[in-house]
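Take a look at the letters that make up each chain.
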Amino acid sequence: MSATTTSTRTTTAAVRRLPVLGLPLRRRPLLVGALLVAACLALAVVALGTGDYPLTPLQVVQAALDPSAGFARTVVLEWRLPRVLAALAFGAALGASGAVFQSLTRNPLGSPDVIGFSTGAYTGALLVLTVGGVSTAFASATGSATGATGGGAATTAGALAGGLLTALAVYALARVRGAVQSYRLVVVGIAATAVLHAANTYLLLRARTEVAMAGAVWGAGSLSTTGWGDLTWALGALVVLVPALVLLAPALRQLELGDDAASAHGVRVERARLALVVVGVALVSVVTASSGPIAFVALAAPQVARLLLRGPGLSLLGSALVGALLLVSADQVSQRLLQGVPVGVVTVVGGGAYLLVLLLVRARRTA
Amino acid sequence: MTGVRRRPAALLALAVLLGASVALSLAVGSRSVALGTVVDVLRHPGGALAATTDGAVVLTQRLPRTVLGLAVGAALGVAGALVQAVTRNPLADPGILGVTAGASFAAAVAVGVLGASATGGGVWAALLGALLASVLVQLVGSSAAGSRGRGSPVQLLLAGLALGAVLAGLTSALRLSDPEAFSALTAWESGVLADRGWSGLVAVAPLLAVGLVVALVLTPALNAIALGDDLAAALGARVWLVRASAVLAVTLLAGGATAAAGPIAFVGLMVPHAVRWMVGPDQRWVVATCAFAAPVLLLLADVLGRVVLRPGEVPAGVVTAALGAPVLVALVRRARVSAP
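Protein chains in written order, with the numbering used here: chain A, 11 to 377; chain B, 104 to 443.
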């Protein structure tokens, strides 16, 4: 299964390489990357300027740069910037994590939201909140108090533990006679998601009402409560994770070629894989701990990036950029068009539709 | 043919289990009622005992709830057996395939947006949603196979997952954007049998009955379908007619069950497997036995949901998911997934 997917990937890439707008292949990633960054920045400025107190893009830039801008500066920097930054950073984290897992499983469906890690991370965070009784963490997660970084640490740790345990369980259960077949991984992941979802419902039902109400909104995946308090915590964690991912990227590239080829190139396969799983789960967990499970960004971003870059493998940076762009746009859709429906709902609908299309296209290709 | 020899013992065990689960469902809950009292109340519904609190609890709450569990369980179990037989896919289940999600989304639109009543227009909308969702999932899931008309088990599962995610997302978007209009629908989210009274059941009972009859009439033809479409056609079965009738029956059963109790997954997955182990692969036996085995599971799940969170309750649909997902893992871990 894995061998055939890799080979079809390389052949389609080889066919597509020649007529790429007359551009030499190497320039394409740079160009696409620059365009993605520009699009992210443009959307961010638009997002900073829209709302109950509208500002033109020029006013946004002025308010951000000029300390004497007064109220406009408060609106842009204190009210809107945390949310936009969160959307950019979390989207990038989800996209990168999706690329890691889709590369590791060599399966476009092997992303953390399909195989249950996001739900597991949410279960871990919920356990810390409802059973562990970390009230400050809850306050920070729901944004009713700012600056409760200690609580943020506890929820993030809970989310990380939940995500890692889920990953371990799913891999162990999907492994039959030493081999993890990708279809089995996906089905086991679906089952794990169902069990964890049931567990989450149970935890919310037995929690105190006010905890449960806020937890349910958080559970839909929302950026609306993101303030500077828990954002600094999440960004701090990402600052640690990104260099780790950069260090591991070459090993990931080698692993895509197969375990044998990778070990022939001097990669210590099991160690590299374990490290990548830990970093990938950690990325998802940080996002989940602070905004709840935001589904399908990790699934879609790497594949969209692959379409744009037309390379043979999955690009971590490209996936991160596309993820950031997707989440900022989804957040704008949820705020402006849908009267504040949580962004997680928007990504579920959009991503689910995308998955349906992906299945149809795949079916056509194999038919 | 080991299943055939197990039949008498299996049916006996099933009858005992069904009786026990009905008794538990009537007696257990936030207020425990002694079994003797339950029997007395049921024998003399107009008597003095019925006027006590225990009697009122049994008659007005536990009894409708138990009958609803029996009807919905039977419908979901039979729907699961049909879906597995028609798609020849051992992992199929109306809940996992998004059929119940389609039903609840359509019902939410009808009740919340168009202002239909939950027992009138809502039921018909649920049926329409179930029909559209099952056809769509079949189209996406089976398009891989082209002429052979049979999708890989995982393809179908993923199509259902994606469709279910989209529909559940849309339902919650509707609900969150206007909480007032949808307050009546919150209980539909995760499959609740409690507090529904008789009206919901009465509204869907005819649909479930028709669905069950169609399913039972279809069973001989399903045995032929199990051999493959070509062989079935050679044996004289009109394959397209059988498939269309099966989709109709699944729509009536799963759509009706969802309209009455909300989306409940995994019952239709687990029960047919257990039943095939008990009575063998003959679809006539499988479908008929599922109608009695599935209510056992659903009632026990409902009772379990009342016990684990006293005095609160966990919805039955949540319990069936927690019980059923490990079965899905076990099925996919088997080296060869046996065809239904």
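Note that these hints are calculated values from the structure, not bench results.
Values in this document were obtained by computation on a predicted structure and should not be read as measured data.
Some hints could be false.
Said to hold, decoys possible - Derived contacts from chain A toward chain B, CB cut-off under 8 Å, selection only:
1) ARG116
2) VAL186
3) VAL196
4) HIS207
5) LEU213
6) VAL351
7) VAL359
8) GLY362
In this text, a Cβ means the ideal position worked out from N, Cα and C, and glycines have one as well.
Verification of the hints:
For A:ARG116, the interface hint is violated, the least distance from its beta-carbon to any beta-carbon of chain B being 15 Å, above 8 Å. The criterion of a C-beta within 8 Å of any C-beta in chain B is met by A:VAL186, whose closest approach is roughly 6 Å, and the hint holds. Hint on A:VAL196 holds. Least Cβ distance to chain B is approximately 6 Å, under the 8 Å limit. The closest approach between the C-beta of A:HIS207 and any C-beta of chain B is roughly 7 Å, which is under the 8 Å cut-off, so the hint is satisfied.
Interface hint status for A:LEU213: violated, as the beta-carbon distance to the closest one in chain B is roughly 10 Å, over 8 Å. At a threshold of 8 Å, the smallest CB-CB gap from A:VAL351 to chain B is about 5 Å, leaving the interface hint in force. Given hint, A:VAL359 at the interface with chain B, holds; its Cβ is 4 Å from that chain's nearest Cβ, closer than 8 Å. Interface restraint check for A:GLY362: the shortest CB-CB distance to chain B comes to about 4 Å, inside 8 Å, so the restraint holds.
Hint compliance for this structure: hints 1 and 5 are not met, and every other hint is.
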